[in-house]
Amino acid sequence: MSDDYSAKLADLKTRRQKNLAMGGKEKVARQHERGKLTVRERLDLLFDKDTFVELGLLAQQQAVRGGEVDSDGTPADGVVTGHGMVDGRQVWVIAYDFTVMAGSMGAVGEQFKAARVRELALRYRKPIVWLLDSAGARIQEASGSTFAGTGFLFYDQVVMSGVIPQVAAMLGPCAAGTAYIPGLADFVPMVKETSSMSLGGARLVKAATGEDVTDHDMGGSQVHCYESGVGDNEVADDAECIAAVRRFLSYLPSSNTEAPPFRDTGDQADRAVEGLEKIVPTNPRAAYDVKRVIKAVFDRDSWFEIKAGWAKNIVVGFARVGGHSVGVVANQPQQKGGTLDSDSADKAARFIRMCDAFNIPLVYLMDVPGFIVGSQVEKEGIIRHGAKMLYATSEATVPKVTVIMRKAYGAGYYVMCGKGYAPDLIVAWPFAEISVMGPEGAVNIIFNKQIEASDNPDATRGQLIDAIRAQINPYLAAGWAMIDDVIDPAETRRVIVRGIEQARNKKIDRPWRKHGNIPV
Amino acid sequence: MTEVKAELVGNVWKITAKPGDDVVEDDVLLILESMKMEISVTAPRAGKVKEIRVKETDVVKEGQVLVVLE
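Going line by line, the protein sequences match chains A and B.
First residue of the first sequence: 1131, per the working numbering; consecutive thereafter.
First residue of the second sequence: 93, per the working numbering; consecutive thereafter.
Looking at chain A on its own, in the form it has when it is part of the complex (with noise of 0.2 Å):
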């Protein structure tokens, strides 16, 4: 080998360990003095062992319209771009480095770094996955009106949606030019105390409103996992928010021309439930927790929880039954009795429309006492969030088992997949109560004049709820064969396995549109 030819060698070398040191030493203490880990580490727990590929490593901040370029120049221009394994199958990664200017985003991370990945994830039909820890627009090379050249990002998020999985890993800041990012993924775990997402940081919303607020107290998973619904699962630390995302992405397809990976799980597919009896009471009025139910019926180990934390009336989340994903959709009994709300319907309906768009099939565990009512409601707006959930559950073609395990009642049971939505199998449970309304509430509207006219208008009243109660068990339904069968809640793991079997060619044909009108 020639010096010359050496030389050339040994100045790779060191261009690519300066860049793959990060900010340098300090920085990279800073950042595990704040209880994160750095950016390769996070790669590292990504990614399965030694299959990252990383395009773009020797990017550096380049000048833009004259002005100065960093020094010690920006190591991979802050953000780590490239593609790994994840359980032997391939996810493109946009991870922002916070030791090197914060993770902000300059031209070179995100016109060109970024937007490669993006555009290589679409064209290979894999999932993304952003490891955020970013500061936002680096805004020295993004002041001025050339900001009218921005924005793509959010703009290919859209086109990916519903194509590729993307998922919004927050573990760390997350304001303003990034926030988005979280905001139109499918999945967005969040570190408590590290992470936190806004619109406009603490330094902006103070100049722009006064107000005085922390990042944390305005955007931490406190505010977005519990009260807004943007985050979906508080996770303790980086560890354990990476594994979230691998856990996440084991339930997905790479894209949506693909099924769902199967897992052998070594639970028999259609082995007895036990224990339900124990779980369910079979007093209508008496609750109990749906997430026990769950955790029965499907293979051992393999419910994944999401939005734990928010909208806490309504469950959803992925399982496997018999090693096949599928998505869980449950009212939750214990939590404001079932009754759907606002918050829950959104919460179903974006579910919803996760697994219809990745071909995972859909099981609804029903227990739902309706939709609550009253005035208060109405000036949320319930009926335009309800029509969402009917919208998600109508426009979903993809195999769709309904259990009505009790109640069942009014538009609740339209929207967790009744007769009417064209579940694929539709059974209930012996002590299932199907109605437009609860006897009491059906009593005083039609039999009104009746209770007045009587002498005792007590007895009359108790005589003709209980005329009404009789014809709300599930026999009269199955009578007519609106549901398939009642069965014995043992029997409900079996009834789903063979539901989605029977459903997996599914086929369904619609008028042409461009696209429904779903009430937002």
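Since the hints were made in silico from the structure, they are not lab data.
No residue lacks a Cβ here, since even glycine has one placed at the ideal position from N, Cα and C.
Please note: incorrect hints may appear among the correct ones.
[As the list claims (entries may be wrong)] Dumping the calculated EDC-like pairs for lysine to aspartate or glutamate here, alpha-carbon to alpha-carbon at most 20 Å:
#1 A:K1509 to B:E117
#2 A:K1509 to B:E99
#3 A:K1442 to B:E154
#4 A:K1179 to A:D1217
#5 B:K153 to A:E1508
#6 B:K97 to A:E1357
#7 B:K153 to A:E1388
#8 B:K153 to B:E117
#9 A:K1408 to B:E117
#10 A:K1442 to B:E130
#11 A:K1421 to A:E1404
#12 B:K97 to A:D1217
#13 A:K1442 to B:D150
#14 B:K153 to A:E1404
#15 A:K1421 to B:D118
#16 A:K1442 to B:E143
#17 A:K1636 to A:D1473
#18 A:K1421 to B:E130
[What the hints assert, rightly or not] Facing chain A, from chain B, some residues (calculated, C-beta under 8 Å):
#19 L100
#20 V104
#21 K128
#22 E130
#23 T134
Take the given structure of chain A and dock chain B to it, following the hints.
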């Protein structure tokens, strides 16, 4: 002091705690009846019941304070 509020509109069906009671987290304080369901209102944390601001059969609004813990 912690105010325990109604999470949805309903009737007060049964009051199971009384002022002065020591409660632990998740103890049932009272039961609302709404939307055909018995909805338990539980203590968000351990403490002593300072005040119960409703009586049985009262109609309560979402967000209304039902119980105050010391």
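Structure versus earlier hints, numbers of those that do not hold, lowest first:
Structure breaks hints 1, 7, 8, 9, 12, 13, 14, 16, 17, 20 and 23.
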